[in-house]
Structures are given as C-alpha cells and as structure tokens.
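**Student:** These are the residues of each chain, in order.
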Amino acid sequence: MSAATMVKNAAGRLIPTVVNGQDQVPFQGVDGYEPTGSKQAPPIRSCRDYPASGDKRVENLEEALRRCGLSDGMVVSTHHHLRNGDFVGVMTLEAAVRLGAKDLMWFPSASFPCHEPVIEMMERGVVHHIEGSMNGPLGEYCSDGKMRGLGVLRSHGGRWQAIQDGEVEIDVAVIAAPTADPFGNADGSHGPSACGSLGFALADSIYARHVIVVTDNLVPFPCVPWQIQGNNVDFVVEVDRIGDPEQIVSGTTVITRSPERQLIAEQVARLVKEAGIMRPGFSFQAGAGGIALAFVDYLARLMREEGVTARFVRGGSTHYLVDLLQEGLTEYILDGQTFDLDGVRSIAEDPCHVATSPFTSYNFHGKGNFASMVDAVVLGATEVDVDFNANVNTHSDGLLLHGIGGWQNCLYSGCTILAVPSFRDRNPVIRDEVTTVTGPGELIDVVATERGIAINPRRRDLLGALQNSDLPIRPIEEIQHEVEQLCGGKPQPAPVTDRPVAVIKWVDGTVIDTVYQVDR
Amino acid sequence: MSVITKATESGIGTAGRRGEEIRSDLWVQLELKEAGGIELALGSRVEPYFGEAIRAQVKEVLNTLGVTDARLEVEDTGALPFVIEARLEAAALAAGVEPAADARPERTIPLPPAQPRQRPRRSRLYLPGNEPKFFMSAGLYEPDAIILDLEDSVHVDAKPAARLLVRNSLRCVDFKQAERMVRINQLPFGLEDLSAVIPEGPDMILVPKVETADQIREVDKAIDEILGGLKGGSGRSDDSGAVRPLRLMPILESALGIENAFEIARASERIAALTIGLEDYAADMGVPKTADGVESAYARKRMVNAARAAGVQAIDSVYGDVDDLDGLLRWGRRSRQLGYEGMGCIHPRQIRVIHAAFQPPPTQVEKALQIVEAYRLAEAEGHGVVSLGSKMIDPPVVKQALATVEQARALGLLPSDRRDEANRLDEVEQ
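These protein sequence lines map, in sequence, to chains G and F. First residue of the first sequence? That's 1 in this note's numbering, and the numbers climb one at a time after it. First residue of the second sequence? That's 1 in this note's numbering, and the numbers climb one at a time after it.
Hints were generated in silico from the structure; no laboratory data involved. Computed from a prediction, not measured in an experiment: that's the story for all the values here. One or more hints might be untrue.
Stated by the list, open to error - Below, a list of computed lysine to aspartate or glutamate pairs in the EDC-like style, where the Cα atoms sit at most 16 angstroms apart:
hint, chain 1, residue 1, chain 2, residue 2
1, F, Lys-176, G, Glu-482
2, F, Lys-133, G, Glu-306
3, G, Lys-39, G, Asp-165
4, G, Lys-490, F, Glu-52
5, G, Lys-367, G, Asp-350
6, G, Lys-273, G, Glu-306
7, G, Lys-102, G, Glu-62
8, F, Lys-59, F, Glu-73
9, F, Lys-289, F, Glu-269
10, G, Lys-273, G, Asp-425
11, G, Lys-490, F, Glu-47
12, G, Lys-102, G, Glu-123
What the hints assert, rightly or not - Covered by chain F, according to a simulated footprint, are these stretches of chain G (three or more residues, beta-carbon under 8 angstroms):
hint, region
13, 260 to 269
14, 298 to 312
15, 492 to 499
To be verified - Which bits of chain F does chain G cover? Going by a derived footprint, with three or more residues having C-beta under 8 angstroms, they are:
hint, region
16, 74 to 88
17, 101 to 108
18, 198 to 205
Every residue gets a Cβ at the ideal spot worked out from N, C-alpha and C, and that includes glycine.
Start from the sequences, fold in the hints, and give me the full structure.
**Tutor:** What follows is the structure in structure tokens.
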C-alpha cells in the first residue's frame, strides 16, 4: 500500500493511485491492460455441513447475518433486480445495524433513490462507503464529499471482473429472490415480486463467502427454473415483501413523445439500415430509455418493409422487444434485465426469451462475451466530446447522478451509437471535454442528435457505407458549433474542487477517470 | 410601440411562463424603482452552466432599454438568449418603460431568401407564439411552412410578450427550408403584431377570421404603411436590394367569409392562398364538428372553387386528433381530391403523413410522364394529335399531365433517371 497520488492515465485524466487502501492500475487504453494470475475462489465448503433435508431456512435476516459471522469492515452485497422497488438492500443493512456492525462496505450492483436510507447508515458509521453505481440521492451525498471512502463505479461486466480477480471479496451476498425453495434455488420470473432475470446476483452467489437468499414467495423444492443454484446458498430467509411491485417493473414502458427524440430515433434506425447493418440474421441492443424504445419501433418498421429478421436482440427487455419476438422479427431475446410486465411474462413463458448474466454478456475475464458480437447498440450519454469520449455518470455541473450499468461493456459492439439530444435546457451535450470520461471515444462510432449525426472519423468504413445517404451526417465540431451558437456560447466549466470522491473503473479494472467533490 | 397595461400604474410588469412543466422559458417580474440600481433575484435550471451569461444579458438588455433602477425576480428554465431578451423587454414594456433604444437581439440567422409565390404548401406547422421550446426544432421536421401563432394559441394576457418572442425568433431561429408564416390577431389588435414582425421579413401573414374583402384591404394598407416606414429594412428588400415580397393567406372561419371567398381572394395582390378554419366555421354554423367533416363539406368545396377562380392556392384546415394518423391520411387524400394543396399540422408527426396525402400517387406521376413523353413526340413530329398506344389524349389531359409532372418535380418525387425527361419538359413548355 502506498500513499495516494494522482497520475495521468492513457485517457489523459488524473486518477488516484490508491483507492480505499488498494493500489490501482491507471487506464492503459482500450485492451491495453493484460491481467495475469488465477481467479479468486471462495472457501471450500462441504455438503456435510448443510442440512441433508435441504432446508436452509432461518427465522430472519438478522439471524442469517449473525450465522454468516457478520463483523466490522465486511463487504456486503445486494442486487438491483428490484430496481427502485427494492426492500432487501435497506433491510439487510438495518439487520446489520441491529447486530452492531460498523464500517461495512456496501457493494450493490446498483443503487436507486429507494436506497436513500443508506445515507443515514453512512452518517452513523454502519456503512463506510459504497462501491457500486450510485443513482440520485446517494450520488449527491458522494458528490458533496460526505462519504468516508471513495466511491468506486463499475460496469455490470466490471463488477463481475472485480469479483473474479479478487479486487472485491464479498463476505456476505444477500440475494432478493421473487421465488425460492428452502434449499436456496431461486428464480426471478415468477412470484408477486417477479422481476425477470436475476443475472446480476449470479457472480455473488458463486464467489461470496456466504450467500443468503431472501424471498417473499417460498415454494417447496424444487424451484424451477433456478437462475441461482441452491448449492451456492448458505441460508434462506422468508419475509413478507421483498419489494414494491409497482416500482420493480413498470406496467408498461412508453416510447418518448418528444418530437426531437423521435426524430433522433428514426434517423438512427435509418442509419442502421443504410449502413448495411440491418441484414438477415443481424443483432442489436437498445435499452429502455425513451429514444432507445422509439428506435426499436422504427427499426421494426424498416425490418418489416425489407423482410429482414434478427437472430437475436439483447435486452433490457420491454414489450417492444417481446412484440418483435412474437412477430418473428427476432429469433431470440437475450435478456439482462426486464423492465416491464410483458417482459417478465415473456421471460417466464417463452423459451426463446433467455435470461442472461453479466458473465455471458459483459465479463472481461470471460473467454469472450456477447457484447462484442452485437452488430449495433443504441445508448445514451449525459455528455460527449469532440473526440467522441462520453460521460454517463456525472452531469455537466459535476454531480455524480448515474451508474454505468452495461453501458461501457456495450461499447464493444460492431457499431456503437449514442443517441442524444444536442442540448438539454440550454446546456450543449457536445463539449470540448467531457466532465467525466466513462467511455473512450475510440469505441464510440456514432453520435446522433436531432441536428445532425456525427460519425467517428476512425470508422471510415461507416462513412463510406453512408456516403450516399441523405441522413444529416456532419462533423461533430460543426454540430457543436451550431448548438453553441444557439445556446449563447460555451457553458461555464463544472464547479468542482480538486478533491476526489469517486473513481470510474474501465471494464478491465483499471481506473479511467475521477469524480470530484462539487463546490456548492 | 409601448404596450400600456394596468400594471403600468404600479410600475410592475411580468412576462414569460413558469411552472413544473415549463421548459426553455424565462419568467420575469420587473418592478421599477426610484433608485438603487438593478437588483436581480435569479433562479435558473442552468445556473451552473449559464448563470453568469444570464446575469450579464439581463444587465445589458436593461441598459439598452434605459432601465437603471429596478428589482427583478427571474425564474429561468433554460431559455435561449433570444427568449431572455424578449421576456425582459416584454416585462419592461408592461411596467410602463418607454424603451430608450432598440433592444432587439443581433440577427444570428441571416434573412433567408424570399419564397416564390407559388410553392409547395402541403404542410404548415403551428407553433404557439408564447411557447419558445417548440421553435428551435421546428425546421428539422421539414414542414413546407411554420406558423408562428399570435392568435388563438396565445392567452390574451400573454399577447404582447408573444409578439416580441415571435419577432425575435424571426431573427434568431433557423427554420431551415420552411416558409416562415405569422398568424396575427384580428385588427385592430393585429396592427401591433404587424408592426413588430414585418421588419423581420416573414414570408407570409395569416389573417384570421376574414369575412370581407375590406378587412384584407385594411391589412394591406397597414402593411404598405409599415413597409413605407422602413428605410431599406429587412422587411423591404433582400441582400441584393430587390423588394422582398410579403404574402397573405386569409383564413375564412365563418359562413359570411365563405360566401365572400372569391372577393376576399382578389382583394390584394399579396394573397397567395386561402385557407379555412373549421372549428370556428362549425361554431358559426351552430353545428358540431365531426370527424368526417360533413358540416363543412359545402364550405370547403365553395372555398376551393373560389380560390381556383382567383388564381390562388386553397389550403385546408387542421386535423385535430394527433394520434389518428390513418384518419389524417384519409382526410388529406380527400382534401387533395377536392383541389386543396395542403393543410395545417399541430404536431410534427403529422407532417410526413400530410406530405404523403398531398402528393400525386406514383401511378399518376408515371401516367403523366407517359403522356408528356407522347406529347413531346407529337410536337417533334408535327402531329396535332397526341396519342398514347391506341388512345387519343385530349388537350386538357395533356395540360393536367404537365401540371402533375411539374408538381412531382417541385416535390422532389421524380427519381434521378426521370430528371432528364423532366428537364426536356422546359423546352416543351416554352
């Protein structure tokens, strides 16, 4: 362990050499870092230590944590399948409070506004710091420099990487399960709190020292299908409710009604077609944001017109993807998380709607992953710069408000398209330099705004394929200039101090950028 | 041109909109003071990015207007600079300020070239004149025209402020290829609208609720006076010094207006099109407005005939259900069959549907091209009679085919391999 100093990484950003006591590797460029050694493994367990009846139930979460030997400074993980409806994250930490634990590191796969009570637990010293995506109030807390340790933000794939290579050793994983049996087999696609896939908890179930499954829908053995294998589970706890179904999945996800965003979506769909990406057996991925959903809708129209079908689409699934599957426009949905009720129903009933995990989709330490096999992906960003670097974590005022999700991992697709409005509330999205580099421009191929589409000059093939297109393809600097004129000049730089509050990890575990305390 | 309102007595004026759903606007309350300089309480969604720029602009605009002592309360939701200027000026005028100098923002968009009298007017996108957030992207949807509306979409209290906003948008918003129209209020209130917007060189003025030719003559005269008062201003001439035409489109919205359609259409050289307002027409008739428009069938036929007779375009009303694109397409196609050349849009998504409805179907274009080709051959070979296969083609059919090809070309519908043929048409027509 050495003293923290700041060094400049290959993205030209200053990053701390030590984070929360751990030495860090600065970002070395895309694929520039080659880790070696063996993967991390959990301690040896034996079946003789577990009930032959297969019944691992204990009376409550507190007792389960006690039996796991919860003590000060441990790493406790939870998962965000239940999104803003999750009760289990806070329930777990509250049980830890009752056990008198201190200085825990909370390691959620993502946090949401519903996890705001964790702020109080940090104030009381129960939680030392958070390593995981921080959305909303927790992000603000971190931005204000109130967290004791540094926040560490990782992509979904990066979280798996950190668990596998031992960067993070989980002491206790607590898995919220919409359905489970007493042995610990667990499934996300059934039950009153059904959420679809449980992929985000898979790594924790395999690598954590102790694993607790918490469910509000206990079924007799066997729970089928099992997305989490009971063979990895220490204890099962039954509770009244693991979450608020209304906040877990929306009844239905809705396409944007903003004409600007619809225009962007339509042009992106046309680009995918005109660049020759939309060909028989192709694949694509789009999230559940307004523009991405509208893109799916427009692309589906073009596919129908041309009689083209996809081999697979990657979700975030919604009823728009389910419709594609049912109509035969795609053969499979490979689903990382499920955003609406139709998605949940489909993943439960349709064998071609397959739950995936960050291991199959995104993991750096896998022998390949699905993300690089996707032909086109449509993503968002808070800012991009003229070198095509993009930010999804902070706003232009420096506040940390969003996680990375699978965003970094998806950049490896054949054609990565950022679909963004050219300005938000007078604030231009294309900057000279992004506030935070979440993804290097090298991997970002297209920035599509309502005022023009910029193609990364590195992608001469794309530029060539689109040279006869009447899409508004323009240099990124030209779009930037137009928007700055419209908005009355360049915005003021973010009012931040030079004190780091969090770091952004690249998919390989190196540090790509630093988030600083805001000055307010 | 100062607007005197009741608020003048207290020396307080407000302008702009605020609230949870408001975006890209600026609400301001300005209270004139005897002394103490400028006191500004600013709340802005974009404070971290443009707080300093907003403060500097407020200072500059007030200085130009000659306001030296005032208290301002400002709530900004990301207004662009031309919006900020319009709101500040409107509040100052409402507070009773006589502007010391012209505070209009610098033109950031050069005055576009004048539009021809006859051009495609399939779609005209309505932009409520007091809602700036819709302005910036309007041109991106490629409507044939945009209408900055000062009439029915603007609350009576907001009209003076909307007028300044529309004025500024004609200086600072790039509406791309769209013809730039302004719908003014009825006279006499509309006179102030004309004074504000004409110097900025709009392409066309929509005059609402026209019932008699005299009303048009009155507008015409007012325009002459305003243009006469401009010394080579942007309303008068373009960069080459040529006189810049200003067109009129009267809106007929009553039984009387429909009866007088022909006289109205001929009341001014500036009139390029007539249009109809179906909501008000149905109200005037005392019958409900229906989806298939049975109550306005006569009026629409009467108006299109009058327009044709007067040599101006006939343009249809709007279709109110923005979610029913199939209904819109049916309406538009029927409208085209009647002789209308376009209609209004209240949402950008209607534009493409309307364009599809008002363009000649491919089969018609194909047939027209064949007829024109036959006509060209007959001319070249000195035949008086045009024939296509075994059929003789009557002169009116040839005339219509020429018109269809002309229209298809204007709309960019002819594929490139047809361009040569279309070019040869010019020789034929000469």
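**Student:** Of all the hints given earlier, name the ones this structure violates by number, lowest first.
**Tutor:** Numbers 2, 5, 9, 10, 14, 17, 18 - these are the hints that the structure violates, sorted from lowest upward.
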